[in-house]
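**Q** Residue strings, one per chain:
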Amino acid sequence: DAGVTQSPTHLIKTRGQHVTLRCSPISGHKSVSWYQQVLGQGPQFIFQYYEKEERGRGNFPDRFSARQFPNYSSELNVNALLLGDSALYLCASSPGSGQGIPGANVLTFGAGSRLTVL
Amino acid sequence: GENVEQHPSTLSVQEGDSAVIKCTYSDSASNYFPWYKQELGKRPQLIIDIRSNVGEKKDQRIAVTLNKTAKHFSLHITETQPEDSAVYFCAARAYFGNEKLTFGTGTRLTIIP
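Same order as they appear, the protein sequences are chains A and B. Oh and the first sequence: position 54 is 54 in my numbering, straight run, nothing missing. Oh and the second sequence: position 62 is 62 in my numbering, straight run, nothing missing.
One chain only, chain A, in its complex shape (with noise of 0.2 Å):
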């Protein structure tokens, strides 16, 4: 079984330009939840989807959105792009929902996409 799956790997962009993120969860998990790793730091909450819902979003602007689809999977975009908005962006799949559940709501991580603004 597949795990988490992000794409593209690696990719550099220009300031302005805009970006699209994939994220496939693990077969069977209905949440995707983004997150921005900047080098050096902890990874900071940008959304969090479940069956297609916006379920949280973080102190991000609104460059950045998120979409889920009926298959599960996410695509995370952001426009008008910064020198600052260069990180590693990882996609994280649970199998939502929780109601007491144990495991519901622990989180896997795929190996992320990083991002360079030049």
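Calculated from the structure, these hints are not laboratory results. Every residue, glycine too, gets a C-beta built ideally from N, C-alpha and C.
Now the stretches of chain A that chain B is said to cover, found in silico as 3 or more residues with beta-carbon under 8 Å: (1) 36-49; (2) 107-116.
Reference excerpt, derived from the structure (chain B facing chain A, CB under 7 Å, subset only): (3) Arg43; (4) Pro44; (5) Phe89; (6) Glu99; (7) Lys100; (8) Phe103; (9) Gly104; (10) Thr105; (11) Gly106.
Assemble the complex: chain A is given as a structure, and chain B must be docked to it using the hints.
**A** For chain B alone, kept in the frame of chain A given last:
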């Protein structure tokens, strides 16, 4: 919002000795505390987690303790091995069903052979 502080930022330990990493959190509603290990260039991997209704949890050489009153939790690694060298992140989550994790700033653990 939640704030998680982690100490130390770097830690060097002789192989075979124990390592302890400490975290504090600010939101008393936090009820889930995972620890992730991230090797260079790799994904964060969950190594152990603890929920607020438990004070301690062990898994072989790894243990986590939680003090809800003081709002701090710690990772203990015993009999350290070279493969334990990595960056370790603590995290906290405030509300059941909301999967937002607030991470600490990480501890770079180096095991000296």
